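**Q** Chain residues, written in single-letter form:
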Amino acid sequence: MSSQKNGWTGKVLYIDLSASMIKVVHPEDEVYRKFIGGKGLAGYFLRPHVTLPWDHTEMPLLIFTGPLVGTAAPTSGRSTVMSRSPLTGTIADTSVGGRLGFELKRAGWDGIIITGKSEFPCGIEINDDKVKIGDASKQWGRDTSSFFEEFYDGKCSVSVIGPAAENGVAFSSLIVDRHHAAGRMGIGLCFAAKHLKYLIVNGSGKVAVHDTEKLKAAREEIVRLTNASPILMGQHGFSCFGTGSIYDLMDSRRMMPTDNFTKTHFERAAELNANAYKEKYSPGKHGCMGCHIRCKKIARSKMAGVSMPEFETMSHFTALVGNTDMDLVMQANKLCNRYGMDTISAAATLACYREVSGRRDIAGDVLDLLEQIATASSELGRELGRGSVSYCKLKKNKSASMSVKGLELPAYDPRGAYGMSLAYALSTRGGCHLRAYPVSHEILRKPVATDRFSFSGKARIIKIAEDQNAVIDSLTACKFIFFAAGLEEYAKAYTAATGVASSAQDLLKVGERIYYNERIMNALNGFSAKDDDLPRRFFEESGSSGNSIEIRPIDRHAFLEARARYYRIRGLDKNGLPDPQKVEELGLT
Amino acid sequence: MKQLVDKYTDKMIKGGLAEAPLVCGLDDEMTWNRQAPEVPILEAVMQGMNINSLICAEPAEPYQSILVYLTERYPEVITPGDCETRTFLHDLPVGHEFSAKVIGSHLLYRKSVVIKADGKVKIVTFGTVSPEQAFVTFSSVCFAGFVLFFADFLADFKNGTVSETQRRAFDRAVSHLDEPRTDCPELLCGPFHREAEAYEAIIEAGRHTVEYGLVDSYFGNISYRLGETIYISQTGSSLDELAGCIDPCPLDGSSCAGVTASSELVAHNEIFLRTDNRAILHGHPKFAVILSMDCDRKECPNKKRCHIKCSEERTIGDIPIVPGEVGTGTTGLCHTLPPAVKGRRGAIVWGHGLFTVGREDFNLAFQHLLDIENMCREEYFKRVK
Ligand code: SF4
Ligand SMILES: [Zn+2]
Numbered sequence: 004m005s006s007q008k009n010g011w012t013g014k015v016l017y018i019d020l021s022a023s024m025i026k027v028v029h030p031e032d033e034v035y036r037k038f039i040g041g042k043g044l045a046g047y048f049l050r051p052h053v054t055l056p057w058d059h060t061e062m063p064l065l066i067f068t069g070p071l072v073g074t075a076a077p078t079s080g081r082s083t084v085m086s087r088s089p090l091t092g093t094i095a096d097t098s099v100g101g102r103l104g105f106e107l108k109r110a111g112w113d114g115i116i117i118t119g120k121s122e123f124p125c126g127i128e129i130n131d132d133k134v135k136i137g138d139a140s141k142q143w144g145r146d147t148s149s150f151f152e153e154f155y156d157g158k159c160s161v162s163v164i165g166p167a168a169e170n171g172v173a174f175s176s177l178i179v180d181r182h183h184a185a186g187r188m189g190i191g192l193c194f195a196a197k198h199l200k201y202l203i204v205n206g207s208g209k210v211a212v213h214d215t216e217k218l219k220a221a222r223e224e225i226v227r228l229t230n231a232s233p234i235l236m237g238q239h240g241f242s243c244f245g246t247g248s249i250y251d252l253m254d255s256r257r258m259m260p261t262d263n264f265t266k267t268h269f270e271r272a273a274e275l276n277a278n279a280y281k282e283k284y285s286p287g288k289h290g291c292m293g294c295h296i297r298c299k300k301i302a303r304s305k306m307a308g309v310s311m312p313e314f315e316t317m318s319h320f321t322a323l324v325g326n327t328d329m330d331l332v333m334q335a336n337k338l339c340n341r342y343g344m345d346t347i348s349a350a351a352t353l354a355c356y357r358e359v360s361g362r363r364d365i366a367g368d369v370l371d372l373l374e375q376i377a378t379a380s381s382e383l384g385r386e387l388g389r390g391s392v393s394y395c396k397l398k399k400n401k402s403a404s405m406s407v408k409g410l411e412l413p414a415y416d417p418r419g420a421y422g423m424s425l426a427y428a429l430s431t432r433g434g435c436h437l438r439a440y441p442v443s444h445e446i447l448r449k450p451v452a453t454d455r456f457s458f459s460g461k462a463r464i465i466k467i468a469e470d471q472n473a474v475i476d477s478l479t480a481c482k483f484i485f486f487a488a489g490l491e492e493y494a495k496a497y498t499a500a501t502g503v504a505s506s507a508q509d510l511l512k513v514g515e516r517i518y519y520n521e522r523i524m525n526a527l528n529g530f531s532a533k534d535d536d537l538p539r540r541f542f543e544e545s546g547s548s549g550n551s552i553e554i555r556p557i558d559r560h561a562f563l564e565a566r567a568r569y570y571r572i573r574g575l576d577k578n579g580l581p582d583p584q585k586v587e588e589l590g591l592t
Numbered sequence: 002m003k004q005l006v007d008k009y010t011d012k013m014i015k016g017g018l019a020e021a022p023l024v025c026g027l028d029d030e031m032t033w034n035r036q037a038p039e040v041p042i043l044e045a046v047m048q049g050m051n052i053n054s055l056i057c058a059e060p061a062e063p064y065q066s067i068l069v070y071l072t073e074r075y076p077e078v079i080t081p082g083d084c085e086t087r088t089f090l091h092d093l094p095v096g097h098e099f100s101a102k103v104i105g106s107h108l109l110y111r112k113s114v115v116i117k118a119d120g121k122v123k124i125v126t127f128g129t130v131s132p133e134q135a136f137v138t139f140s141s142v143c144f145a146g147f148v149l150f151f152a153d154f155l156a157d158f159k160n161g162t163v164s165e166t167q168r169r170a171f172d173r174a175v176s177h178l179d180e181p182r183t184d185c186p187e188l189l190c191g192p193f194h195r196e197a198e199a200y201e202a203i204i205e206a207g208r209h210t211v212e213y214g215l216v217d218s219y220f221g222n223i224s225y226r227l228g229e230t231i232y233i234s235q236t237g238s239s240l241d242e243l244a245g246c247i248d249p250c251p252l253d254g255s256s257c258a259g260v261t262a263s264s265e266l267v268a269h270n271e272i273f274l275r276t277d278n279r280a281i282l283h284g285h286p287k288f289a290v291i292l293s294m295d296c297d298r299k300e301c302p303n304k305k306r307c308h309i310k311c312s313e314e315r316t317i318g319d320i321p322i323v324p325g326e327v328g329t330g331t332t333g334l335c336h337t338l339p340p341a342v343k344g345r346r347g348a349i350v351w352g353h354g355l356f357t358v359g360r361e362d363f364n365l366a367f368q369h370l371l372d373i374e375n376m377c378r379e380e381y382f383k384r385v386k
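As you go down the protein sequences, you meet chains A and B in turn. Residue 592 is where the first sequence ends in the numbering used here, and the numbering goes up by one at each step. Residue 386 is where the second sequence ends in the numbering used here, and the numbering goes up by one at each step.
Wrong hints could be hidden among the right ones.
[Stated by the list, open to error] Dumping the calculated DSSO-like pairs for lysine-lysine here, alpha-carbon to alpha-carbon at most 27 Å:
#1 A:Lys219 - B:Lys305
#2 A:Lys8 - A:Lys217
#3 B:Lys102 - A:Lys37
Source of the hints: derived by calculation from the structure; they are not laboratory data. Bear in mind the structure is a predicted one, so any value in this text is a computation, not a measurement.
My request is simple: use the sequences and hints to build the entire structure.
**A** As structure tokens, this is what we get:
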């Protein structure tokens, strides 16, 4: 392996916390080409260990950046944190923004593989090639806000888990640079399992690029496309209002999950939209490193300095749990970030509790319940902290957990978008909208609109989109920008950064490999067609029709047919399991 | 799938883009609109790619003559300077053999390829979510080729460098142009007071704009102001199919339901705030676009960046030409267009298209769009005489 690389640093940091041992790994060129970076590379390093229990000492915790991180390519400040999920048992990759990837890359690392378990609470501190494992005994138990107060100066990157992870909450998160979260899958608990409290990274190097001029040209094309995108840069788009800008839209399209997905329209939505937050909290713009869209919002007037809720949080902490108080959403979001908990799973688990317990009005108790979960201070808190599936099993009411493979569903009701129903069911990490992100064409009309109440063509669309998003999470860029740009433009950026000749279609092929590798890992852990499914409710109950839109139950037969088509297209057998020939063809043996 | 395949076959033919297109949609199996000898080659192309739809066709006249000429002049890659190309297509690669290998090798990198073989041109385009993408790209390639061809001719004419073949191609292309239409449709009369009327008027005017060839289906946008709300076509909607694709956007921004509205919502908004018009219509009429790019200044410091930098006060008749890119960036047309429209019938955005306004309804806006395009067309042929 030559030490002189472009785009990549060519170096991966390997840390064994049991032995306090550190070494440098130089992946082969071929590995880089086959898996790119981010979640691709992380998945490559996860696979040999993936059948271990999530809290096994040898289970690696992986943090990877991609070849575009730290370069001029737009939205390239993101990175992937990956392991096996305590919540679902599937692979667990989460994309996170902030400065983490940027600093890591500038410190000279394409990624970190963390294995073993420290005897005492510890933290990892990286200053370029100097790596230190520090004692975090004094920090254990501390909430994330106070940790940031002390250690985050905005110039380095600080990632930390909160008490929720330390107390075993299965959907605990990792909070990065105060306003960003590796939210889903219980990745925080994976840190806690290693007794790892924090990661601080400081990089001072520069990322070498193959062709600066060509990268600049690719950047210009991408920025031009984002400027032409109403969803990103328009006056109602993400840049102005944050992801919350689709709150009105979701309700008007009759797909806002309400009362634990028993309805799809929320009467009070108009008072709780992004504009209402804007008026009350006058949020300012903030973004991930290297991003010109800057979709993150931070309150400036009331609750100054606090992160504004993302769309999912706005929706689930209102419609899903039956709350109409905007302040409560702000407080719940703040609390989740402080304790380090995923807002989607937290809210969805509360909604599930509300249904199971038959309590109509839990709004007044939301904060208290969150507190009990995060601190594990009550029986109920501990029960809920294991996630909605576990809670429902305990209460012998399986139908109330609105999740796929144990991951609670985000805020798009699949009865209002059939591609979304496939995307949820087939996602390799469970109930997630971001794997195939069909909202893009089913609702936001990009690259063109598709019929959201039809399965026609959707199997292949979902497959292609999964491959594409696997590439994006490996480069690593932000999925939002693909509402405007495409792999056509990003392939140019990739080639300019790395010098590896590549087309959009070449990248899709790599994406196919990365995604198939995830199917293989899940299959090794016993996941099959029976898990690629949705809660019964969606096939049996209607949503809330209105606005001349009818929300019917999803036709189960049509769903299963589309899923079967997907298996054929993806090269899986009838049971959703990998096919040896395809495994070989993709170079994944 | 079959339904979509048939729909876009039909649109290709009705839109005068091709007489016998081949259209394919793919889920787990391929669905073609018809069988043809080219199908096995195209299926081989599709197998090598991660896509779900494809269109292949000999473009109809005048595009056929135009592209035959352009592929001779630019045998590797055609690079038109209009906005549709700049923003979405980047450039138009050319291949010289109708084989899976050649077609595939270009489509790996680009949304389209122009194949010139046996003296004829075929265009191949694809989509990843719908045949609509393939259709839109096909239509954009024809549009961009048209604009480049006539712009080149004008420039060469002024320089005295028109070649024999070029002249012949030009005459042939011109002979295939439809007569300019001068009759205006009778559109609903405003001012409108009810939402339903506004919707109906927008749908009707949109349909006519496409029918008159003043925009290709998919591009362009249209809006109507009713009280404090703008009703505007959605992003990526086709002006001839606007039912269900119009977003109501409060002028004060109190709802984000317009997040799917046209990328030019900000510009429309500004025009409504600065003038007392109620209707705005935006199309991409070809001769207005071509003339907007015709500039005689040899030593301009902004050369090559005209579309964002041009600071000259340029006009065609009473119509100003302004620079500006799609959308809201610092060089966005939302900054240049609204002041230019004030007190006028409309304005042209450099290399992009024409915006016109009407006080009560779309009758005037439509008439202006048509009149200005006809004026530009006349002016064009004056300049090449
Ligand atoms: S769009 Fe938002 S999430 Fe994506 S990179 Fe930019 S700031 Fe980060
Ligand atoms: Zn336009």
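**Q** Indicate, hint by hint, whether the structure satisfies it.
**A** The hints, checked one at a time:
no., hint, verdict
1, A:Lys219 - B:Lys305, "17 Å, holds"
2, A:Lys8 - A:Lys217, "17 Å, holds"
3, B:Lys102 - A:Lys37, "23 Å, holds"
In terms of the numbered hints stated before, the structure departs from none.
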